[in-house]
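Visitor: If you want the building blocks of each chain, they are given just below.
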Amino acid sequence: MEPIGHDLHEKNILQHHPLAARMVGFIDHLRMNEFVLGPAETETALHVIGDPFSVENDARHKLKVLLTGRPEEWRQFDDLFEAYWQAAGKARPSWQHEKNVRNRTKASLPNAWQEHLSAQAPEGGNAPQIEAPGEGDVQGDASGRLIATERTSRVRTDLRQYVDVDEIRAAEKLAYQLASAMRYRLSRRHRLDRRGRRLDLRRTIRQSLASGGEPLKLSHRARPDRPVRLVVFLDVSGSMKHYSRFFLQFVKGLVCQWVEADAYLVHTKLIRVTDVVRDKNSTKAMTRLSLMADGFGGGTKLGESLAQFNAQYAKRSLNSRSVVMILSDGYDTGSADLLATQLKQLKKRAPKLIWLNPLLGWKTYEPVTDAMTAARPYIDFFAAANTLKSLAAIEPEIAAL
Amino acid sequence: MMNIDNIRERLREADYVADDALATALQLALNLGRPLLLEGEAGVGKTEIAKALATVVGTNLIRLQCYEGLDAATAIYEWNYQKQLLYIKASEREESSAKAVEQHIFTDDFLLERPLLQAIRQAESPVLLIDEIDRADEEFEAYLLEILSDFQITVPELGTIEAKSVPHVILTSNGTRELSDALRRRCLYSYVDFPSQERELEIILSRVPAIERDLAEQISHFVLNLRKEDLEKNPGVAETLDWAAALLGLKISSLDGDFETIQSTLICLLKTETDLKSITPDVASRLIGKAA
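Residue numbers (numbering that gives the first Met the number 0), protein chains in the order written: chain A, 0 to 400; chain B, 0 to 291.
Incorrect hints may have been included.
Said to hold, decoys possible - Which bits of chain B does chain A cover? Going by a derived footprint, with three or more residues having C-beta under 8 Å, they are:
no., region
1, 12-25
2, 71-82
3, 177-190
These are computed hints drawn from the structure, not numbers from a lab. Quantities reported herein were computed from a predicted structural model and do not represent experimental measurements. Even for Gly, the Cβ is constructed at its ideal location relative to N, Cα and C.
Model the full structure from these sequences, guided by the hints.
Guide: Now the structure itself:
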């Protein structure tokens with residue numbers, strides 16, 4: 000490819016030079032991977048690498064500095080760069096070479112998603128369905144229990160049947176109620192507030208200096224509402240898969256209603272799904288979530304996942320007003336000791352821990368697995384969550400926390 | 000226009016050892032005139048970059064340390080009320096007209112410049128370091144955005160103050176709060192990671208010049224492996240330098256020397272109780288074995 004000269008500021012270069020078209024494709028490629036980039040970035044990107052078109056590494060660093068904006072993107076960038084410019088990564092079929100790349104609307108998604116999104120049609124073809132029985136059942140000691148759960152389900156109404164639109168709406172509504180029940184907690188300290196009732200003496204006196212000691216401008220203060228921060232961990236292992244779909248809805252409801260919420264999927268490792276869940280297009284969000292959840296279906300390693308959380312995310316997403324919610328049946332294939340130490344560390348940062356266990360609703364069930372026994376001392380509120388009714392029942396108790 | 004090697008060399012002269020990504024980031028920030036947002040764990044040298052950059056461009060460094068509750072009065076400007084009052088009192092005897100007094104007390108003489116105003120009024124572009132922006136409130140972040148895009152500040156009594164020179168802005172964040180997308184988009188971005196072993200060695204040699212190369216090499220290996228252990232708080236570069244200085248002060252010339260003294264100096268690197276307990280003498284000697 001011929002190097003570009005210094006005439007990059009001319010507008011037509013964006014249409015005519017082969018590199019420009021490739022760059023547009025690259026930016027598009029990044030957008031597909033959740034980078035937030037506008038047309039201005041494309042232009043600056045061309046401008047930036049245009050000058051000394053010599054060392055490839057140089058261009059990569061420059062683009063990285065320009066186009067990334069957060070740690071995750073920073074880590075992801077090199078792979079994406081290689082995948083696009085050196086075709087070393089997994090090739091995505093055809094969409095990046097489409098002629099009218101820029102005309103593509105947000106609705107027309109890359110081919111990779113097409114087949115999954117067709118799941119909107121009732122049959123759904125080969126779209127992933129969490130409810131589908133078969134592959135990826137739990138191994139180890141948990142499998143015996145799972146069979147037992149399936150037997151129970153025939154006589155009881157259980158969450159696994161809730162997949163139709165109305166029920167999902169009900170789940171979202173419930174999540175909303177729960178969310179508003181504990182969204183705000185009044186702070187004890189006062190802060191400056193224009194509509195506050197109490198006088199802020201220090202500030203008033205300070206301001207009175209400007210008017211020669213006459214307090215003309217009064218400052219008020221009040222106790223501010225401090226939003227409670229919510230962090231949800233959803234176990235999507237094989238033993239939970241009948242509940243996953245419903246819980247995903249519930250989590251989506253929580254995260255969308257809540258300004259400060261963070262959601263994670265847990266199986267043998269941890270995946271942060273807050274941004275996916277926030278997607279306004281509900282079907283799209285659910286499909287993507289199901290896709291993410293679908294890869295799992297195996298055992299759970301809660302301890303290790305929490306360790307990952309503590310190391311990577313805890314500092315940013317937890318504060319002294321956090322509520323941590325774990326949705327899991329406690330069938331953990333990892334070590335119980337690790338779980339206990341990680342919960343202990345988690346509790347140092349977050350004051351409240353709620354554990355919702357779908358199996359707890361059954362009469363015969365006793366939370367006696369190693370993991371549950373290890374976790375019990377750290378749990379502030381332990382409840383069943385296998386039917387909408389049981390979820391609704393915990394609302395007052397959560398509000399009281 | 001400076002190129003990367005040029006920048007790296009001059010950073011090196013300012014005792015800062017930068018890797019490719021960081022040098023590129025600084026080069027772009029200088030050439031495009033855009034703010035640079037640096038993220039990374041505590042102790043990887045984010046603040047130091049700004050200091051080094053000030054030396055490189057040969058200007059002064061203006062620093063704004065953010066904290067919760069930081070407001071415009073402490074970040075931008077404030078009228079010097081006491082001085083104004085004294086002036087009014089003093090001018091009462093001189094019988095000057097009220098208008099004249101008023102005109103005089105709202106001039107530059109009575110304006111207290113805070114870092115942001117100070118930064119845009121310098122004759123030569125300074126380096127403006129906005130440290131730990133994640134600690135400031137969201138409202139302040141929004142205000143900052145406005146200043147960073149226009150580089151002008153409006154003081155109602157004086158009018159709009161335009162920037163005499165556009166400062167080189169460096170923002171740092173420790174990630175205690177999610178920053179807004181708007182701010183992220185306006186800035187160039189660089190994630191500062193812990194240095195590689197070679198870079199850390201270079202850093203030790205440049206910051207603790209009295210140290211011997213062998214010991215410095217052992218230290219860099221040791222710290223690198225220590226960071227791979229499961230620690231609550233990984234030791235940063237500053238900690239490494241502390242430790243190197245401590246070892247030098249205790250006249251230890253090699254890590255496989257006096258084991259007990261070395262073990263007791265680990266307090267320079269490990270800053271929590273759990274971490275100190277988890278690096279038992281066994282672990283420490285294993286790490287030293289690897290490093291030596």
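Visitor: If a hint holds in the structure, say so; if it does not, say that too.
Guide: Here is what the structure says about each hint:
{"no.": "1", "hint": "12-25", "result": "holds (count 4)"}
{"no.": "2", "hint": "71-82", "result": "holds (count 3)"}
{"no.": "3", "hint": "177-190", "result": "holds (count 9)"}
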